[in-house]
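Start from the sequences, fold in the hints, and give me the full structure.
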Amino acid sequence: MSKVIGIDLGTTNCCVSVLEGGAVQIIPNKEGGRTTPSVVGFTEKGERLVGQIAKRQAVTNPTNTLHAVKRLIGRKFDSAEVQKMRENVPFEIVEAPNGDAHIQVLDRVYSPPEISAIVLQRLKLAAEEFLGDKVTEAIITVPAYFDDMQRQATRDAGKIAGLEVERIINEPTAAALAYGFGKQKSEKVAVYDLGGGTFDITILEINDGVFEVLSTSGNTFLGGEDFDQRIINWLIETFKVENNIDLKEDRLALQRLKEAAERAKCELSSVMETTVNLPFIAADSTGPKHINTVLTRVKFEELVLDLVESSVEPCQKALWDAKLQPNDIDKVILVGGQTRSPIITKTVTEVFGKEPSAEINPDEVVSMGAAIQGGVLTGDVKDIVLLDVLPLSLGLETRGGLFVKLIARNSTIPLRNTMTFTTVVDNQQSVEIHILQGEREVSSGNRSLGKFELVGIPPAPRGVPQIDVSFEIDANGIVNVSAKDKMTGLEHAMQITPSSGLAPDEIDRLIMEAETSVEKDKEVKDLIMLRNRLDSLLKNTRRAMVEYGKSLEVKQQQEINGVLGEAEDVLSADDPKVLEEALKKAEDAANKLTEALMVMA
Amino acid sequence: MNFNNELEKEDNLVSEIEGENSLSIEDFIKELEAKEKDLHISSDLAIEIDEADFDDTNSEFIRSEFAVEPVKMPQTAKPSVNNLAANNKFVAELEGEILQFKKQVVKLETERAELAETIRRRQLDFDNFKKRIERERGETFLSQISNLATQMLPVLDNLNRALDFSAHHSEGRSQDFHQFFEGIFLVNQQLNEVLAEMGVSQIASVGEHFDPYFHEAVATETSGEFPPNTVTGELLRGYRIGDKIIRAAMVKVSTSAPVRPNPTNISPENNLKPSEDILETE
Numbered sequence: 001m002s003k004v005i006g007i008d009l010g011t012t013n014c015c016v017s018v019l020e021g022g023a024v025q026i027i028p029n030k031e032g033g034r035t036t037p038s039v040v041g042f043t044e045k046g047e048r049l050v051g052q053i054a055k056r057q058a059v060t061n062p063t064n065t066l067h068a069v070k071r072l073i074g075r076k077f078d079s080a081e082v083q084k085m086r087e088n089v090p091f092e093i094v095e096a097p098n099g100d101a102h103i104q105v106l107d108r109v110y111s112p113p114e115i116s117a118i119v120l121q122r123l124k125l126a127a128e129e130f131l132g133d134k135v136t137e138a139i140i141t142v143p144a145y146f147d148d149m150q151r152q153a154t155r156d157a158g159k160i161a162g163l164e165v166e167r168i169i170n171e172p173t174a175a176a177l178a179y180g181f182g183k184q185k186s187e188k189v190a191v192y193d194l195g196g197g198t199f200d201i202t203i204l205e206i207n208d209g210v211f212e213v214l215s216t217s218g219n220t221f222l223g224g225e226d227f228d229q230r231i232i233n234w235l236i237e238t239f240k241v242e243n244n245i246d247l248k249e250d251r252l253a254l255q256r257l258k259e260a261a262e263r264a265k266c267e268l269s270s271v272m273e274t275t276v277n278l279p280f281i282a283a284d285s286t287g288p289k290h291i292n293t294v295l296t297r298v299k300f301e302e303l304v305l306d307l308v309e310s311s312v313e314p315c316q317k318a319l320w321d322a323k324l325q326p327n328d329i330d331k332v333i334l335v336g337g338q339t340r341s342p343i344i345t346k347t348v349t350e351v352f353g354k355e356p357s358a359e360i361n362p363d364e365v366v367s368m369g370a371a372i373q374g375g376v377l378t379g380d381v382k383d384i385v386l387l388d389v390l391p392l393s394l395g396l397e398t399r400g401g402l403f404v405k406l407i408a409r410n411s412t413i414p415l416r417n418t419m420t421f422t423t424v425v426d427n428q429q430s431v432e433i434h435i436l437q438g439e440r441e442v443s444s445g446n447r448s449l450g451k452f453e454l455v456g457i458p459p460a461p462r463g464v465p466q467i468d469v470s471f472e473i474d475a476n477g478i479v480n481v482s483a484k485d486k487m488t489g490l491e492h493a494m495q496i497t498p499s500s501g502l503a504p505d506e507i508d509r510l511i512m513e514a515e516t517s518v519e520k521d522k523e524v525k526d527l528i529m530l531r532n533r534l535d536s537l538l539k540n541t542r543r544a545m546v547e548y549g550k551s552l553e554v555k556q557q558q559e560i561n562g563v564l565g566e567a568e569d570v571l572s573a574d575d576p577k578v579l580e581e582a583l584k585k586a587e588d589a590a591n592k593l594t595e596a597l598m599v600m601a
Numbered sequence: 001m002n003f004n005n006e007l008e009k010e011d012n013l014v015s016e017i018e019g020e021n022s023l024s025i026e027d028f029i030k031e032l033e034a035k036e037k038d039l040h041i042s043s044d045l046a047i048e049i050d051e052a053d054f055d056d057t058n059s060e061f062i063r064s065e066f067a068v069e070p071v072k073m074p075q076t077a078k079p080s081v082n083n084l085a086a087n088n089k090f091v092a093e094l095e096g097e098i099l100q101f102k103k104q105v106v107k108l109e110t111e112r113a114e115l116a117e118t119i120r121r122r123q124l125d126f127d128n129f130k131k132r133i134e135r136e137r138g139e140t141f142l143s144q145i146s147n148l149a150t151q152m153l154p155v156l157d158n159l160n161r162a163l164d165f166s167a168h169h170s171e172g173r174s175q176d177f178h179q180f181f182e183g184i185f186l187v188n189q190q191l192n193e194v195l196a197e198m199g200v201s202q203i204a205s206v207g208e209h210f211d212p213y214f215h216e217a218v219a220t221e222t223s224g225e226f227p228p229n230t231v232t233g234e235l236l237r238g239y240r241i242g243d244k245i246i247r248a249a250m251v252k253v254s255t256s257a258p259v260r261p262n263p264t265n266i267s268p269e270n271n272l273k274p275s276e277d278i279l280e281t282e
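Protein chains in written order, with my numbering: chain E, 1 to 601; chain F, 1 to 282.
Everything labelled a hint here was simulated from the structure, so no lab data went into it.
Glycine included, every Cβ here is placed at the ideal spot set by N, Cα and C.
Reference listing, derived: stretches of chain F covered by chain E, where coverage requires no fewer than 3 residues with Cβ under 8 angstroms from a Cβ of chain E:
hint	segment
1	126 to 133
2	157 to 163
3	195 to 209
4	216 to 224
5	227 to 237
Below, a sample of chain F positions facing chain E; criterion: calculated Cβ distance under 7 angstroms:
hint	residue
6	Arg122
7	Pro212
8	Tyr213
9	Ala248
10	Val253
Straight-line C-alpha distance at most 27 angstroms; calculated DSS-like pairs for lysine-lysine:
hint	chain 1	residue 1	chain 2	residue 2
11	E	Lys525	F	Lys244
12	E	Lys134	F	Lys131
13	F	Lys244	E	Lys45
Written as structure tokens, this is what we have:
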């Protein structure tokens, strides 16, 4: 059996790992990074860029460079999160015919799973290179609060990337797995996850391999980037007071400040003070200006205090929702790079009354947990059984818009449950089965998964007909709902997926497309490289001709200029053969020029 | 029977390891045979066991393993009626005991198969690990230089900033200053030479097509001088060692127009005038 890789598909960064020789190995990307930015860029020439490379060209191509697509996956266009995101990103989010949030890039509309698939495909390739073997199976993690649609969409993303997603597991569950918690006894674990752009707190109960999510809370717009910004602002203000120069106007200065702030923040995790040293950051009539400032940990903590405190309330809410006291929590785990700051450790210790575990790299711990789960599936790991649970309750809308749960959250799947319903008015001939997912008592507060009608109920006084509604969830988390009139045997059923997400044939088409696009990407890249080579050669030869051409014979000059002119004409051609030919001719011409010059010299 | 059920479950495993039985298992079987002999199991008794336990097609494995016992015997070999009661009891006891042994065989077989599988996997992992280490060893030198350069570059940047500044503000300075400046300029040159000797080279930027594999865009500007998507200015020099990028050049990039809602007919701009400005020597 080939390896099953573990993927942490994050909002800002992704991390992929695999179990090897009984230990988890983080798989580096092509550029050598252990995490890959979740950024995809589409160039006008048809190239698709991923990760760091995509990030580098974001400024030149903002409308076609997509980031934080995880915030859109499996969501409806008119949901609050999507609307909020529309205000904050330079790319265009559009409404798909089925109401999903999609993204317009150049002349095409992409669904969020397709974009995530591009990142996943890159991670898959990195893993294949690392392992020297094909990789076709993966475990992907998602936030604990992701509903069925978001999980299904994530699964689709995997499929499009050519990965069979064996399991979708919760990020906090993965973190707990990486720490090996819950192997022997039952434990309650709080997972404090402060990543690049989001904050999640999850309380888990682990019991015989069942990881139950007791509660989740958080802030979807709080992360490490906010901490950096505080340092940058402070540096800018201090500099302005001292020198009366506003560094905000200077792009290079800002970029240098950003890097320095990030470095200072990291250093303050281990030392009490650090020096921010940025020589020649600006200049005015009086001479060059430098930043050479000491930033103490105390000052830093003062700068970010309100950010840290804003994470406390969600923690208390999570405890309250789980009906637990801080001392009921057995273990606390820190996830996300920002949790390296001692002020976070201190705050978390205060909230939960115990030191958090932070031995495992918080950027990698989720991916590692996913890889361990992969090891469970391949049989490399034997002492853990992880049972799938339903993340959110499933049920129906009943009279007055109330939500009736048929299957409670955290039930282990697969399972099936049936409940009997009846009519609310006399001679009612049809009932609407509206399937929802969520924890709210009122239907409108929960996520609608689909609806259908059961018609043809024989006339009877209200309350007399008996309609059995069955919910069935298979091992893959696919929900089937059926309604049956007991008297007539009339039955109607539906599988949850059609109202949203991607239809199966659409996924198949996208898989094909993704497979061919890897080759296409390479072709495009090669073409661009070829064109660039020809372009620079042309430039250089022209330059040389201007300077030294006169010393050549007129015939030779004409010949070379002719070749260069031809080459220039085909520079925009899309046929690599044409370009290659032109390149060869131009090279010959350039050589002739050089030879002639050598002879003269 | 229990035994058969259990066997059925393990069937996959059992058939997988068939044909590669190790010495230890054979030893164990021999031991088992010896024990059976000690217990005076005659071929007579084997018939009933055979009928009771070996009626399942799934037990091929056991059959082959216990082929030393005649598995098909004529019915006539049954013991006489007189001793039947006593014998039956004895048979039942032995039967139970054999069953225990057989269960143990299966259990050990399973364990052994698991261990063999684990070893196989570990060996694969190790082979791959070795290959990777070998590959990485080739890159170690490069990555060490690259690490060193990464940490040295900010120093070089600042030296360059100092020189740039002084070069632009040198008017009316003393002779001493100019000599000192000259000296520092040479130090800078020396540093660049050392880097070049280590294989570290600068990334070409101004006038080149913007390429995110080498350039990091931090700003855009409209430019009459450069075609769109060309590097118009270098804010921080980029460095590479072979194909490996140590640091992308931080650059400004030209755009065709500030607003470009629907870029449909994009073709690479190629009005390459032999402009001196492209030469950008530093």
